[in-house]
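Each protein sequence line maps, in turn, to chains W and P. Every letter in the first sequence is one number past the one before it in my numbering, and letter 172, counting from 1, is 172. Every letter in the second sequence is one number past the one before it in my numbering, and letter 51, counting from 1, is 51.
Note that these hints are calculated values from the structure, not bench results. The reader is advised that the hints may include incorrect statements.
Said to hold, decoys possible - FRET-style restraints, in silico, Cβ to Cβ:
#: 1; chain 1: W; residue 1: Ser-164; chain 2: P; residue 2: Asn-623; range: 48 to 56 Å
#: 2; chain 1: P; residue 1: Lys-654; chain 2: W; residue 2: Ser-9; range: 42 to 50 Å
#: 3; chain 1: W; residue 1: Pro-59; chain 2: P; residue 2: Glu-758; range: 41 to 49 Å
#: 4; chain 1: W; residue 1: Ser-47; chain 2: P; residue 2: Asp-46; range: 43 to 51 Å
#: 5; chain 1: W; residue 1: Lys-73; chain 2: P; residue 2: Gly-236; range: 28 to 36 Å
#: 6; chain 1: W; residue 1: Ser-47; chain 2: P; residue 2: Glu-39; range: 47 to 55 Å
#: 7; chain 1: P; residue 1: Gln-331; chain 2: W; residue 2: Ser-9; range: 38 to 46 Å
Glycine included, C-beta positions come from ideal geometry on N, C-alpha and C.
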Amino acid sequence: MLPILIQLSDSRQLTISKKEVLRYLGVKESNDQLDDLIEKAIDSVHSTVSLKASYIRVPILVEGEEVDFGFDKVKSQSLAKNLKECKEAFVFVASLGVLNDKAIEKNFKLDRLNGAIFDCVSTTLIESFCDYINEYFGEKNVLRPRFSPGYGDFSIEHQRSILSVLDAYKNVGITLTDSLMMIPSKSVTAVVGIL
Amino acid sequence: MSVLTYLKNNFLIFDGGMGTELQKKGILPGECSELWNKEHPEVITDIHKGYFSAGANVATANTFGANSLKISNVEEIVTLAINNAKNAITKENQFVALDIGPTGKLLKPLGNLEFEDAIKIFSQTVIAGDKAGADLIIIETMSDPYELKAAVLAAKENSKLPIFATFVLDATGKTLTGADVESMVALLEGLGVDAIGVNCSLGAEQLKLFVPKIINASSVPVIVNPNAGMPVVVDGKTFYKQSPKEFALAMGDIAEMGARVLGGCCGTTPEHIKELTNVIKTKKAKPIEKKNFTVVSSYSRSCCFNAKTVLIGERINPTGKPKLKEALRNQDFDYIIKEAIGQEEHGANILDVNVGLPEIDEELTLVRAVKEIQEISTLPLQLDTSNPIALESALRVYNGKALINSVNGKKESMEAILPLVEKYGGVVVALTLDENGIPDTAIGRFEIAKRIVEKAFEYGIDKKDIIVDPLCLTVSSDKNAPKVTLESIELIKNNLGVKTSLGISNVSFGLPQREVVNSVFFSHALQCGLDAVIMNPYSELMQKIYYAHNTLMGLDENCQEYINFASNNPVVDSKTTNNSTNITLDGAIVKGLKNEAQKCAETLSVDMNPLEIINNIIIPALNQVGEKYEKGQIFLPQLLMSADTATIAFNVIKEKLGENDSSQKGEIVLATVKGDIHDIGKNIVKVILENYGFKVYDLGKDVSPESVVECVKMSGAKLVGLSALMTTTVPAMEETIKLLKKENPATKVMVGGAVLTEEYAKMIKADKYAKDAMESVRYAQEIYK
Ligand SMILES: [Zn+2]
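The shape of chain P in the complex, shown without the other chains (with noise of 0.2 Å):
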């Protein structure tokens, strides 16, 4: 019988800790346990043995930390491993479990292992355990949902075995990332995974609280292997190891609740399992319920679609949008970042990312924004391209169950997306429309719908990871377009019983004053039970509407939300606003006053010269600013305000500039040095050599003497500017000062940091030391005298 064949219908007990039965046959602190699998194989057998008869139905093999970052003879301790595993064997319904922790390394972008890497990293000892002859794989005392993630794509991708896997919660029921369990449970079923759960790190008792949330959520059987109760202090109040028995009876609890693996974790022994057994031994075995949520993840919050409307915000999408297209075209993802963490703060519950553009590569630009917003935004994402290899690539970075958008009718679009829902896991939007085009009917679209549904679920892809979009066409070329739509959106959910989304901005297309078009249109389809909408956070029509509904249809406990955002947006007095505009440009500068230094500039832009500004009114007000800073009359704080007025400030005017923008003073490249991952510092730095009309080539943070070099190179820059925080890496600012007084001896190179002194910086040859920010803006003006 296969492992998943038992499973239907029994409880499977796994063993438990292997580390302490080790340190009981006298392994050393430190030593290397996958080792013992080829020095004591004997022993590996003897512990195995003890958990089976102890009624572990799952020898779980001593390949915890079997990678190549710890290990150099992958196959050969694996094999050996997953034999003295088998060797235990005495009878029926005993399996053998390849068992794959953790590298010990974060991955990108919390820390610096390559995704990629990971995978490489874990398929070596997928391949290895297959070959074996392991019954199954468990992946295990995983906190990051990344790793996590390519070690079951590594599993996925070179074996055919069934896939458990198991994730570490802290004692507020959360991921190191923050995520809690609906969202793992997202990911992990999205993924494909045989059996889900948590071990290590809390105790039975403790992990009792968070195992109704696992069950709740999961359609496949949930696995619990706890600790034996490691001492623990959890709000001053300390818990203790828990005896055998004590553990037994807890997960006793937890197999009413409907776990149905059950196992123990460090500190567990087979008397503990012993215990468990004979506790397990009076229950009967609680079938599983498939669950009907529709649920999109990140590595650290999950979204539901249920009775609210999911707000999905759209500023992320080149059409229309001519200073999104020229940041795609210069690869500015700090602009994208912004605009994300903007939909974030208003309100958005799900980011829309197309980066669509003929002239650029949509794999790799595509790739790239999902990374650099999945680094600062914990909102998931739906990824929108019409190009199967872009989409491709971007499920495979993506950290989460991502939101897919889309596939449609097309037998050829069918083809090419849902064999990647199957593989990544998703939940992917379905267009109605098919070769045929658009169907001007409700039920026409409706039949398309359903066809997609249908073919779905040849994939295996279920009908809750499917939501429909029945399209919307502009009123203005059609003017039953609009009703057709909503008649769609009832037909569709009511008959198919699948979620419904929709793009609402293009009905109003052609028309004036398109968000009034858009926000009725909106409101209807609220009414209609529409469960999400593609639109723009910022306006605050559509969002009155969205808290203004909710409230009214009984969906906002004590009309809290709406009494929030009311108060957070008060109504503005256009009366009273226009009095305050009595302040100068330079004076809005020096007190930090943004929206002022905006009217004043938008004012003075008019009718005067722009570089006049800049020179005449935006400078001396920085200088003073400076001066009073050096003085020490103010601090960084006032100084960073005032740099932040004038950035505005600069916009305003730039946007007049134009192509023809004379006003630059020269080039200066900054870098925060290879192994230093902190750059506050150097930002803040950057922005005042910004202010101060420098350009400035920002190579961010941990970056190679190399790099440095050859954007030296490219952009002709006079000055480098370094950064460094720790002792550590002022080794590696000293490389890079050498290299690049070799490759380019006329470039002055200036260095700050924490960690640096005058003394320091002469030391690494560096030209000059420059203590704060200002101290940079001199130097710089100096050398572009």
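The following block holds chain W by itself, in its conformation from the complex (with noise of 0.2 Å):
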């Protein structure tokens, strides 16, 4: 069972909706200046990011509050409730890659507001490139939400046996730390259930 690549090479192709950016950022209400800074920011975010996936699709055995991936076995309520009805899953991660996070903390050198702005930004465009990535696993089969670790009681411990089987380091560039924090932060791993 060998992970497939996903890449694609323009991330202008993907929307980066400004309201979510304000969700973001922890703002209700807008003003021009600020959504001048968010536009620019926008702009400016594509140029820094190479946006690569990595799944694979797997059969899945879900027993009470047990998912077994075949390559790992998870324990959580709340995953085998959303994956109840499913007899396979696509497993992903997807991410923006390291020069995205330089160009973070960078702006975030030169002004604050400007870094924070960048960092909703990137955030927004993680979230929008796992949204296509949805919509192609989408085109052939009917899908559950997307469930990712940490996401209620599924266990972020199991991001490493899923950066393992999808080869990520390989494949998308991703590393984990001892305190299982993905290097790009921009990245996501995530558990899609197929109806």
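Fit the two chains together into the complex; they arrive one by one in their own frames, and the hints show the way.
Written out as structure tokens, the structure is:
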């Protein structure tokens, strides 16, 4: 079972919703000045990213609170509920790449506000890339909403086995620190049940 | 015949994948394939035999992951692996390569493996492979140029075997760190690698697109070892696995483009290699052309010295810059990083880094400066020092092929600097001075340049890796000095065939309105064909001249760069700008208007007491903003906007306060706990605390409990702020609090971060849970009442 790579060379085809950015920023009402800064950040984020993902499609077995993925068994009530009616699932990891991390830090060093905005724009973009992958999966399948380690009681520990089965270092350039943080920071692992 | 001799006139065929073959022989997923060298030596030898009989010249020993991070008995396994491969040899021109793959850990600053530790890990493998009798070393599947450099240095320092190196490209033709082919070739050629290329990640059909780029950049044989076309979806289009025939067909095209070392990676089998051999039989190996590009690089981009003059930013050099001097003395690297980013934003192509001050340790400081700048900026650097020890250490850790400033015609200088250029690679700036000083004629300077070029050749350093700086003396002490310099540029360029570089600013020393003199001299030097200039990127006049010159000389397609430059730097009409200064300082802070705040602060500080400005204007304005934020009337962005604006006002006023700064409200130590590598939240808290007059000791991210305690003791801080972003790092926070309470029971600890709650904070015995930056200010004010 080999992981399959997904690459998207132009991130401009993904939408970055200003509303989402504002939500991540914790802002309920925007103003012209802020809108302007967000638009500039959206415009500049594209040159800092390299969109890559790796996925596999695996048979799964859901029994009670346990989900067996073959490469790992996960004990989680919330995940088992999400995947209850599924016999198969996609497991994927997606990332914006390390240069985006550097760009966030750079923006922050130059100007805190722009740094914070750039950070939130990047978060919005990785979510949008995940949506793109979901759509790709959904072309021929009916899917459950995606579910990531760290949601509910789906322990973040499982990131280790997911990254390993997806050969995430070689395919996407992601490594895990001892405290289970993904580098680059704008990376997402997730499971998508197939109905 | 040695492998390099064989390669001179022939294609060299590498084998295909090891993993796929081992799977056929029954290795289980997750099983360590290197251990099969010991448990099933005959299986390994059989696989090598299969490839040799398919026509391969090189057996890649089964040592890809044989490093001390993955296995304990490196020497034993490597020795067995080399022997297993050697046992498969049946005839002449079959070679065994020691295989070195990535450690699987990212190096700092991307990850947490130290550069020198990576070198140690690779060295162990190299020593074992060399001893066991490998014919060459292949370093492969590298996606981080820094790790690749560590592996090459390990190979060079522990063996004399030929070094082949291949890296991984993604579908856009870049490495993991965004490096293009040109920068990878610059790095590897600089390090003296014998053959350069790409492997894995893409199939032959896709890799084919990038092969001409590698061949056009490289002066050594090019390697192409693609995979068998792993399934990949690029921009919604799916590419499938290639059959041996399809693979060989694409490889034939690649051979015709000029690649000389051909083989396979993941998924390729003896069948692929057999077809490849058949296709190659009908082709003739193309001679390898020497290229003449002068290129420096960083981990992410290259800078080529060609028609357009390269701008080298001069701002990171303490000479005549009291603020930078102070920053260096205080080891304030944030200041240096800001200078780096600022110059990058102003169009610098390369940054000069000089940290020489008599009272600091230049070696340590230069190394740290290089690391800190490279953590943020992607520009190539010019390492500027007269201290060979500092230079070597900096060259070692530098991520890319550096510009080295400098060597000169003195025997002592050439003998100290040129061996370093040979070992680490780089382009070196040669100053036209020697034991007798600087000649006052162009011909005299030319002679010295020629001597340096010849001496460098003895060290194997090519002319393309030398840039001559004919030096520029001040016009006020010698009226002919600039003319001689300009003549030297032309003479050296035309007759020695090397590139030239020049520091401009010296020419105007001692004169009023220096920028005017500098700029006109710059314009003349451009006209003489100067290839690189060390200048102040903030000088608007020089920028204008530069862009206009490029446009006039036909170097700017459709005048696009000039138009962009002009529209980003509109002419300001001084009559209209002075009208809008009706705003007060507190108003500017509340509204977040930076320029206005700066002007107001400057005006006020002329005749108002600085402390009064802080206490009666800035702090109340910040309080007003803080209250609005707490009430939910404004949000984090507006808070930050005001905070940044207040910082600008502070900086104006602090200059007035000078030494006797009595505005400090108290000391606070801030840190993101061990294991946590994101610190933007903490940085926001820092700026707000500083706005309120607290002295913040910022320890950064991934900070050990011991370092926090040490800093508390050193600074006498009564308050510590800790941040954690992940549930997995909260235990490290707890540990830090525990140690603090043991060593310094009086210290108060406030905690914050995405995963924390009031309840959680209590559980780990923190004194305060601060839900946001404003709450941490309120608590700090309480502590330092
Ligand atoms: Zn491979």
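Verification of the hints:
no. : hint                                : in the structure
1   : Ser-164(W) - Asn-623(P): 48 to 56 Å : 52 Å, holds
2   : Lys-654(P) - Ser-9(W): 42 to 50 Å   : 48 Å, holds
3   : Pro-59(W) - Glu-758(P): 41 to 49 Å  : 44 Å, holds
4   : Ser-47(W) - Asp-46(P): 43 to 51 Å   : 50 Å, holds
5   : Lys-73(W) - Gly-236(P): 28 to 36 Å  : 33 Å, holds
6   : Ser-47(W) - Glu-39(P): 47 to 55 Å   : 49 Å, holds
7   : Gln-331(P) - Ser-9(W): 38 to 46 Å   : 42 Å, holds
Violated hints for the displayed structure: none, as all numbered hints are satisfied.
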